[in-house]
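Q: One-letter residues, chain by chain:
Protein chains: 2
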Amino acid sequence: MDAIDDANQLRETPKNEVMSFFESAPLLKDAAEIEKSLKEFVDRNTSSSGNLSGKANRVVCITSGGTTVPLEKQCVRYIDNFSSGHRGAASTEYFLNAGYSVVFLYRRGSCQPFCSSLPDDPLLECFSVADDSSIEVDALHAETVKSAITENRAAVAEGILLKLPFTTIFEYLQILQLISVSLRDVGPSAIFFLAAAVSDFYVPWESMALHKIQSASGPLDIRLTQVPKMLSMLRNEWAPMAFHISFKLETDTDILLAKANMALKQYKMHMVIANELSTRKEVVIVVTEQEKVTVRRDCTRAGAEVESPLVELVVDRHSTYIKKFDA
Amino acid sequence: MDAIDDANQLRETPKNEVMSFFESAPLLKDAAEIEKSLKEFVDRNTSSSGNLSGKANRVVCITSGGTTVPLEKQCVRYIDNFSSGHRGAASTEYFLNAGYSVVFLYRRGSCQPFCSSLPDDPLLECFSVADDSSIEVDALHAETVKSAITENRAAVAEGILLKLPFTTIFEYLQILQLISVSLRDVGPSAIFFLAAAVSDFYVPWESMALHKIQSASGPLDIRLTQVPKMLSMLRNEWAPMAFHISFKLETDTDILLAKANMALKQYKMHMVIANELSTRKEVVIVVTEQEKVTVRRDCTRAGAEVESPLVELVVDRHSTYIKKFDA
Chain A
171 MDAIDDANQL RETPKNEVMS FFESAPLLKD AAEIEKSLKE FVDRNTSSSG
221 NLSGKANRVV CITSGGTTVP LEKQCVRYID NFSSGHRGAA STEYFLNAGY
271 SVVFLYRRGS CQPFCSSLPD DPLLECFSVA DDSSIEVDAL HAETVKSAIT
321 ENRAAVAEGI LLKLPFTTIF EYLQILQLIS VSLRDVGPSA IFFLAAAVSD
371 FYVPWESMAL HKIQSASGPL DIRLTQVPKM LSMLRNEWAP MAFHISFKLE
421 TDTDILLAKA NMALKQYKMH MVIANELSTR KEVVIVVTEQ EKVTVRRDCT
471 RAGAEVESPL VELVVDRHST YIKKFDA
Chain B
171 MDAIDDANQL RETPKNEVMS FFESAPLLKD AAEIEKSLKE FVDRNTSSSG
221 NLSGKANRVV CITSGGTTVP LEKQCVRYID NFSSGHRGAA STEYFLNAGY
271 SVVFLYRRGS CQPFCSSLPD DPLLECFSVA DDSSIEVDAL HAETVKSAIT
321 ENRAAVAEGI LLKLPFTTIF EYLQILQLIS VSLRDVGPSA IFFLAAAVSD
371 FYVPWESMAL HKIQSASGPL DIRLTQVPKM LSMLRNEWAP MAFHISFKLE
421 TDTDILLAKA NMALKQYKMH MVIANELSTR KEVVIVVTEQ EKVTVRRDCT
471 RAGAEVESPL VELVVDRHST YIKKFDA
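Top line first, the protein sequences correspond to chains A and B. In our numbering, each residue carries its 1-based index in the first sequence increased by 170. In our numbering, each residue carries its 1-based index in the second sequence increased by 170.
Bound conformation, chain A alone:
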């Protein structure tokens, strides 16, 4: 299970694997509603007469949190991918500040934009009820709470932040496809910033147990199938003009850069952001065909996040990318 990927991995993902994944997946609920909100979002945030290099027309799809893989159709047990969603939530804030509109495709219950520096349970931890029965925020958290509420309301009201939730790998990939089709007209002004922790293995829907798996007296053997590598599909078929950024998270530093390079080549990503589980909040390495840039959190500023210089770098490289199309 610990073998490093070999050259076999460089093969293209066969289209029939992808087709069979989608054909066997449970139907996405609310697909029509999601398409409608995406269409309105794109109409609102791009103008056909606009200058493609103007940031006003720039859109980023940020995926965030982990996808689940159900082990039963009437799901009691599932395999999950650890991800608080902090990276995606914080990056959303910096992209909005940089003038981008954001489609935030997030795991239900994961970290939300503008809330990443709040306690786990802000309602019970930050508030109290005064004698006159009005609700008060504790002084310690007042500023953070106020700016979270204000900035979130503003972004949603201005229509520059569209939040779409998912739970399973099936929902995630189907919604991602809808987003990529909706953003096709945005061309090179669109970024896919794929920070979600996506399941590598799953149980195909048709071979899944219907009911809760019973605990018999022996061990349980589960055979998991590899999820087709959708990055190739996204890059080559769904959104061929967009600027594509994927993430590589490992716990073993020795293989991290090799794996990041592999992803860059295999999926023709424009940028791979390599990060190691234990230091991911301090430092990431941005890998492109031309460069390897180490991006660090500004330790001299309290509350500074590594996502601030990271998004700054991404925006700069995205500008260069767009210019190539203008020329």
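Read the hints as simulated data drawn from the structure, not as lab findings. Keep in mind that a hint or two might mislead.
Because identical chains cannot be distinguished in the list, a pair is counted as satisfied if it fits within a single copy or across any two copies.
[Said to hold, decoys possible] Cut-off 20 angstroms, straight-line C-alpha distance, at most; resulting in silico cross-link-like pairs (SDA-like, lysine to any residue):
(1) K429 to Q244
(2) K316 to D291
(3) K316 to S298
(4) K429 to A472
(5) K462 to T423
(6) K243 to E446
(7) K316 to P289
(8) K243 to E407
(9) K316 to E306
(10) K243 to S448
Following the hints, put chain B in place on chain A, whose structure we already have.
A: Coordinates of chain B only, in the frame set by chain A:
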């Protein structure tokens, strides 16, 4: 995988399986701190001179939410058990109202007492910032939000609600053992109300992959070992005097009552609460040696929960149980 448990299941859990589970489990962080807070909680809520049948001395340990099973030591992937924690959180409120003190052993991020009727993300959904920069609650949610904040603060301040979080099956079972030892002196006045969705299968720590499992080109086979049935240990060794209630959740109605009866006999539970995934918020069946009682939500009252009549019934049967010891 779908076979109904057979008579083999009625065997006792061998003690060496349990010992080996605990010996190989990663060490519980903060064990000393948890023991200290439990000791203070028990001292505060029971008096040695008290009358055992007085509710003032009654304590319930409510477990809530699902336990996880890591698939890697440096955990990226894990198997999770679906459970919002709503049952445990709502039951906590009703037990507090009935005069019990509550140890709430809950999955991090799961539903909290007094918050079960709030939206998923109360901070962003219920609040706004007024022109004078004060924080306001939307009229629609004002009462629910206020009572959530007030009642939670009151319960914590009075010291009648002790919240202890867990994530993995290893943490859950180690903390449950600490609680059972701490509640030993409470004798028959203690209830274990085991609403958590506990993993049946796990990967033993010593055979677990150290790093993130690599996605090679083929399928992935995982062999899971059965978690030793700790209910027997809890019932017979850790807290032999307490009143024990376990839950049986199934998606297949046909096997539900048979499984509930099996659990009653196998683990010598005083009560098993049987519930079916799709109707669990409407109806549960309380199974004891003497009776089978169907408990339904009061559909005539808006906002009524099935946990209200359920806890009422539990408290009544617990009173009868305590009286046997007084006699």
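Q: My question is about K243 and E446: at a cut-off of 20 angstroms on alpha-carbon distance, are they close within one copy, between copies, both, or neither?
A: Between copies, since 15 angstroms is at most 20 angstroms while 34 angstroms is not.
Q: Please sort K429 with Q244 into within, between, both or neither, judging by C-alpha distance up to 20 angstroms.
A: The answer is between: 18 angstroms across copies meets 20 angstroms, while 36 angstroms in one copy does not.
Q: Within a copy, between copies, both or neither: where do K316 and S298 come within 20 angstroms Cα-Cα?
A: Both. Shortest intra-copy (15 angstroms) and inter-copy (8 angstroms) distances satisfy the 20 angstroms Cα cut-off.
Q: First find the shortest C-alpha distance between K429 and A472 inside one copy, then the shortest across copies, and answer within, between, both or neither for a cut-off of 20 angstroms.
A: Intra 33 angstroms, inter 55 angstroms, cutoff 20 angstroms: neither.
Q: I want to check one pair: K316 and P289. Are their C-alpha atoms no more than 20 angstroms apart within a copy, between two copies, both, or neither?
A: Cα proximity of K316 and P289: in one copy and across copies (14 angstroms, 19 angstroms).
Q: Using 20 angstroms as the alpha-carbon threshold, which applies to K462 and T423: within, between, both, or neither?
A: The answer is within: 15 angstroms in one copy meets 20 angstroms, while 57 angstroms across copies does not.
Q: As a check of your reading, is K243 near S448 (CA-CA no more than 20 angstroms) within one copy, between copies, both or neither?
A: between (34 angstroms within a copy, 13 angstroms between copies)
Q: Have a look at K316 and D291 and pick one of within, between, both or neither, based on CA distance no larger than 20 angstroms.
A: both (15 angstroms within a copy, 15 angstroms between copies)
Q: Could you place K243 and E407 in one of the four classes (within, between, both, neither) given a Cα distance threshold of 20 angstroms?
A: neither (30 angstroms within a copy, 37 angstroms between copies)
Q: Is it within a copy, between copies, both, or neither that the alpha carbon of K316 lies no farther than 20 angstroms from that of E306?
A: both (11 angstroms within a copy, 10 angstroms between copies)
In the structure shown, a violation is registered for the earlier hints numbered 4 and 8, in ascending order.
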